[in-house]
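One-letter residues, chain by chain:
Protein chains: 4
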Amino acid sequence: LVAVAEIDLNADLGESYGAWTLGDDDSLLDAVTSANVACGFHAGDPSTMVRTVAAALERGVAIGAQVSYPDLVGFGRRDMELAPEEIIADVLYQIGALEGITRAAGGHVAYVKPHGALYNRAARDPVVAGAIATAIDRYGAGLPMVMLAGSTGLQTAADAGVKVVPESFADRGYTPDGRLVSRRERSALVTSPDEVVARVLRMVTEGTVVAIDGSVLRLGARSVCVHGDTPGAAALARRVRTALEDAGVEVRSLG
Amino acid sequence: LVAVAEIDLNADLGESYGAWTLGDDDSLLDAVTSANVACGFHAGDPSTMVRTVAAALERGVAIGAQVSYPDLVGFGRRDMELAPEEIIADVLYQIGALEGITRAAGGHVAYVKPHGALYNRAARDPVVAGAIATAIDRYGAGLPMVMLAGSTGLQTAADAGVKVVPESFADRGYTPDGRLVSRRERSALVTSPDEVVARVLRMVTEGTVVAIDGSVLRLGARSVCVHGDTPGAAALARRVRTALEDAGVEVRSLG
Amino acid sequence: LVAVAEIDLNADLGESYGAWTLGDDDSLLDAVTSANVACGFHAGDPSTMVRTVAAALERGVAIGAQVSYPDLVGFGRRDMELAPEEIIADVLYQIGALEGITRAAGGHVAYVKPHGALYNRAARDPVVAGAIATAIDRYGAGLPMVMLAGSTGLQTAADAGVKVVPESFADRGYTPDGRLVSRRERSALVTSPDEVVARVLRMVTEGTVVAIDGSVLRLGARSVCVHGDTPGAAALARRVRTALEDAGVEVRSLG
Amino acid sequence: LVAVAEIDLNADLGESYGAWTLGDDDSLLDAVTSANVACGFHAGDPSTMVRTVAAALERGVAIGAQVSYPDLVGFGRRDMELAPEEIIADVLYQIGALEGITRAAGGHVAYVKPHGALYNRAARDPVVAGAIATAIDRYGAGLPMVMLAGSTGLQTAADAGVKVVPESFADRGYTPDGRLVSRRERSALVTSPDEVVARVLRMVTEGTVVAIDGSVLRLGARSVCVHGDTPGAAALARRVRTALEDAGVEVRSLG
Chain A
1 LVAVAEIDLN ADLGESYGAW TLGDDDSLLD AVTSANVACG FHAGDPSTMV
51 RTVAAALERG VAIGAQVSYP DLVGFGRRDM ELAPEEIIAD VLYQIGALEG
101 ITRAAGGHVA YVKPHGALYN RAARDPVVAG AIATAIDRYG AGLPMVMLAG
151 STGLQTAADA GVKVVPESFA DRGYTPDGRL VSRRERSALV TSPDEVVARV
201 LRMVTEGTVV AIDGSVLRLG ARSVCVHGDT PGAAALARRV RTALEDAGVE
251 VRSLG
Chain B
1 LVAVAEIDLN ADLGESYGAW TLGDDDSLLD AVTSANVACG FHAGDPSTMV
51 RTVAAALERG VAIGAQVSYP DLVGFGRRDM ELAPEEIIAD VLYQIGALEG
101 ITRAAGGHVA YVKPHGALYN RAARDPVVAG AIATAIDRYG AGLPMVMLAG
151 STGLQTAADA GVKVVPESFA DRGYTPDGRL VSRRERSALV TSPDEVVARV
201 LRMVTEGTVV AIDGSVLRLG ARSVCVHGDT PGAAALARRV RTALEDAGVE
251 VRSLG
Chain C
1 LVAVAEIDLN ADLGESYGAW TLGDDDSLLD AVTSANVACG FHAGDPSTMV
51 RTVAAALERG VAIGAQVSYP DLVGFGRRDM ELAPEEIIAD VLYQIGALEG
101 ITRAAGGHVA YVKPHGALYN RAARDPVVAG AIATAIDRYG AGLPMVMLAG
151 STGLQTAADA GVKVVPESFA DRGYTPDGRL VSRRERSALV TSPDEVVARV
201 LRMVTEGTVV AIDGSVLRLG ARSVCVHGDT PGAAALARRV RTALEDAGVE
251 VRSLG
Chain D
1 LVAVAEIDLN ADLGESYGAW TLGDDDSLLD AVTSANVACG FHAGDPSTMV
51 RTVAAALERG VAIGAQVSYP DLVGFGRRDM ELAPEEIIAD VLYQIGALEG
101 ITRAAGGHVA YVKPHGALYN RAARDPVVAG AIATAIDRYG AGLPMVMLAG
151 STGLQTAADA GVKVVPESFA DRGYTPDGRL VSRRERSALV TSPDEVVARV
201 LRMVTEGTVV AIDGSVLRLG ARSVCVHGDT PGAAALARRV RTALEDAGVE
251 VRSLG
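Protein chains in written order, with our numbering: chain A, 1 to 255; chain B, 1 to 255; chain C, 1 to 255; chain D, 1 to 255.
Certain hints may be false.
Here are the simulated distance ranges between beta carbons [claimed, not checked]:
(1) C:E185 - B:E206: 56 to 64 Å
(2) C:D26 - B:A247: 41 to 49 Å
(3) B:E206 - A:G106: 43 to 51 Å
(4) D:E81 - B:D229: 14 to 22 Å
Looking from chain D toward chain A, a few residues come up when the C-beta cut is under 8 Å (computed) [stated by the list, open to error]:
(5) Y17
(6) G18
(7) A19
(8) W20
(9) L22
(10) D45
(11) L72
(12) V73
(13) G74
Calculated from the structure, these hints are not laboratory results.
Yeah, the Cβ is synthetic: ideal placement off N, Cα and C, and Gly gets one too.
The task is simple: from the sequences and hints, build the whole structure.
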């Protein structure tokens with residue numbers, strides 16, 4: 001019955017910037033197994049990165065490069081038309097910057113996950129997904145790319161020879177064709193904590209999710225993204241983890 | 001008579017940014033043995049870095065991280081009061097970013113050289129020099145730090161256990177106590193090409209330079225910095241290199 | 001036979017940034033009647049703006065706010081998905097910033113012209129053109145908006161009650177439906193100086209241009225944009241102006 | 001007995017940036033009479049500025065340009081070595097940007113107050129204070145400059161013919177020579193709400209404050225700065241205002 005024996009829980013972390021703080025990183029780090037660390041393009045100045053990386057390493061949480069379009073004021077949530085070569089350069093820069101900080105703290109970057117508008121674009125646009133995959137391939141450390149389960153972008157990266165980690169979202173609504181409902185829609189977010197927990201259990205133990213039209217999607221996720229920037233997010237992430245462990249699923253980071 | 005059998009020639013490179021170009025990098029790369037590549041904080045967007053690194057690797061020129069204060073509009077030439085922990089984080093970020101791009105091109109960052117106001121501050125301020133040295137030490141790749149020959153900052157870094165490369169400047173005036181004359185002074189720059197060549201020969205073969213008051217300073221430089229952003233800079237660098245080779249000095253990159 | 005008795009010549013100016021210079025502003029300012037001054041979002045730091053504004057006022061050249069997406073590294077040439085309220089705020093900010101600098105020099109901002117990707121988007125997207133028009137309307141100084149002659153965006157702004165200045169481009173190829181050929185296409189730029197001069201004469205005296213398929217477009221332009229960032233641009237602009245004046249057209253700024 | 005019949009209460013507002021929020025602006029705006037609105041250099045993106053200005057105008061709170069060094073990641077709190085002409089350009093840019101947004105909302109910028117490190121530098125450095133005063137003078141709207149009561153900078157600006165508003169700080173410790181205790185010192189902040197209220201009452205009704213060594217300083221402030229970015233700040237500002245009104249002081253904005 002159990003679709004996967006183990007699952008990774010990832011969350012966006014280190015999204016403060018200078019004097020501005022966002023999210024309750026310390027609590028969230030106690031609940032997840034992988035930290036998508038902002039690398040300075042949408043959030044995460046170098047000092048914030050140093051603190052985030054130290055806190056993650058202390059807890060044995062895996063560190064991933066949360067790479068973004070260069071759009072600080074828009075938090076990386078606005079799509080931009082970048083040339084593939086620009087995306088490749090930007091991704092290499094961000095992975096490297098995080099690795100510089102992480103190796104100084106005794107660790108290593110373990111994976112790459114695009115952020116915000118770059119993620120959404122990569123999920124549906126093979127050119128953008130391919131550029132990210134090319135950057136990861138050229139970087140040469142065998143890093144996996146975390147991408148929406150079932151998406152075109154995931155397939156593109158896999159076809160390019162990059163390791164991929166299909167992921168699902170604990171609290172996001174799905175369209176019948178497996179996309180995330182846009183944040184501008186009412187059904188974008190699942191707001192009931194009980195429902196979030198139930199959805200994640202189903203995602204992991206059955207490998208499926210119910211889309212907004214009631215149809216059942218097969219996901220095959222190996223990581224589940226929980227969100228961190230809403231009140232109660234850390235507590236919910238903890239509930240999700242406990243429920244998974246109670247169901248006999250091993251919650252652990254990838255690789 | 002020859003003070004050193006070999007010398008490194010370094011220059012600032014990759015200091016374009018987006019649509020703006022600065023310097024004649026291709027010509028300069030044919031003359032020098034080490035490229036101080038801008039890492040995005042004072043110049044050098046990721047795409048520029050990719051191009052600069054490729055051009056340097058093609059010619060066998062060593063790649064160094066030219067780390068700076070975060071001051072794009074001021075080109076890193078304005079002193080800033082950063083906390084040591086901020087400097088450490090900024091330096092790690094920049095070294096890592098350049099390494100990310102360089103390893104993707106088949107190379108590695110070979111050294112670290114502070115830029116502009118950070119360089120001048122580090123030369124005289126042990127706290128700042130110490131912060132840079134700490135970053136290099138934590139980074140852990142045994143990278144040398146290029147710093148003004150005879151400066152407090154050079155000594156600080158050496159005392160901290162970091163490899164140092166004392167450098168002199170081909171076309172900068174020196175005060176009697178071994179500092180560079182401020183760019184705001186008339187005697188900051190040696191403008192005669194013949195004089196520049198003669199000074200470098202003396203720096204390398206005798207290990208000395210004549211300060212603005214006529215006194216003779218002993219430098220002990222193992223690298224000479226030639227500048228690149230003035231018209232004729234590349235040709236002058238080529239002349240310097242030829243003169244050194246004609247004098248029997250091997251011109252080659254460090255390490 | 002003369003379609004218009006007078007015409008404005010506009011060019012992008014003040015597109016340097018910090019240590020980086022772009023274009024030969026002083027020469028170009030001697031040829032044009034309106035200066036589209038960059039306002040800091042794609043180029044043009046405050047000190048550059050001060051210099052550009054002083055040089056324009058000295059020559060009696062009208063000053064316009066060349067407003068852009070916030071994308072310094074991309075020089076405002078990459079389309080971005082901004083919400084209308086973000087565009088309104090960004091445009092007001094940029095007009096105001098330029099006015100602050102211009103009034104200190106004894107002048108006033110005389111018009112608004114979007115830059116790069118924002119221009120191209122506004123030309124075809126009524127939501128974006130409407131947001132810019134809304135900002136201009138709220139600003140309340142009756143500033144005209146310079147926009148592509150015959151475009152949807154021009155009509156949108158006019159319908160919103162904003163004064164509009166239809167413009168044509170001296171050296172850009174036109175599609176049969178009146179759009180500019182994308183810069184990625186070979187026919188994007190008219191490179192022959194003689195042809196540029198002939199095209200402008202025709203644009204102004206007949207009000208038409210020949211599109212890339214040979215069809216004749218009616219433009220009705222009241223301003224012609226000449227480019228400034230290519231070698232020889234200022235000399236070409238001067239030739240265009242002389243040719244117009246020789247043909248009996250008064251070349252003068254708007255308003 | 002009452003030193004002044006009326007007093008202004010000012011606070012830093014609009015210091016959010018993009019996705020990051022800072023301070024409880026709406027509550028604070030109910031307590032103060034003047035809003036120092038961040039202009040984008042240390043905080044306050046254009047969209048935040050639009051919201052802040054609208055909220056201030058709605059309540060009849062005066063709007064001031066809180067001008068800063070260009071240092072977003074450092075929140076303008078790190079001193080920088082800018083040339084006077086750079087400061088002039090930066091200040092004009094920021095005043096103008098805020099005025100562009102404010103006039104679109106039906107108001108006008110009423111004063112200028114430097115922020116953070118620029119404020120502290122201006123208080124003690126006549127060159128920096130003079131540059132800010134020059135910008136205000138060139139801007140030409142007769143805007144007053146808010147500056148530390150009794151400081152060199154206040155005098156410099158007054159000597160330059162700029163209107164000045166001497167201000168004191170409700171919750172900051174004073175050195176015997178009238179400077180603010182550095183934020184790095186323990187006595188930098190007065191943390192007891194009761195003491196803050198008592199200090200402000202004394203500042204306003206007697207015109208004095210007790211320095212950290214027990215000596216009594218004469219301040220002559222016409223505005224008192226209350227802080228906004230700490231929990232309870234808005235409530236404390238409201239208490240201060242009520243206490244002043246109960247003591248018969250009219251609390252109203254300047255000009």
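Is the interface hint for V73 (chain D) satisfied, with its Cβ closer than 8 Å to some Cβ of chain A? holds, 4 Å
Distance restraint evaluation - E81 (chain D), D229 (chain B), Cβ atoms, bounds 14 to 22 Å: Since E81 (chain D) and D229 (chain B) have Cβ atoms about 21 Å apart, the given range 14 to 22 Å holds.
Does D45 (chain D) pass the interface hint, meaning its C-beta sits closer than 8 Å to a C-beta of chain A? Nearest chain A Cβ about 5 Å off; hint holds.
Is 43 to 51 Å respected by the C-beta to C-beta distance linking E206 (chain B) and G106 (chain A)? The hinted range 43 to 51 Å holds for E206 (chain B) and G106 (chain A), with Cβ atoms some 45 Å apart.
For the restraint on Y17 (chain D), tell me whether the closest CB of chain A is nearer than 8 Å. Constraint on Y17 (chain D) satisfied, holds at 6 Å.
Does A19 (chain D) hold up as a contact with chain A if the rule is Cβ-Cβ below 8 Å? Holds: closest Cβ of chain A sits about 4 Å from A19 (chain D), inside 8 Å.
G18 (chain D) as an interface hint toward chain A, with CB separation required under 8 Å: holds, 4 Å
Would the stated hint for G74 (chain D) survive a check requiring a Cβ distance to chain A of less than 8 Å? Holds. Min distance 6 Å.
Would the hint on L72 (chain D) stand, with a C-beta cut-off of 8 Å toward chain A? Check passed: Cβ of L72 (chain D) comes within 7 Å of chain A, closer than 8 Å.
With a cut-off of 8 Å, does the beta carbon of L22 (chain D) approach a beta carbon of chain A closely enough for the hint to hold? holds, 6 Å
Does the Cβ distance between E185 (chain C) and E206 (chain B) fall inside 56 to 64 Å? holds, 60 Å
With a cut-off of 8 Å on the beta carbons, see whether W20 (chain D) makes it to chain A. holds, 3 Å
In this structure, every one of the numbered hints holds.
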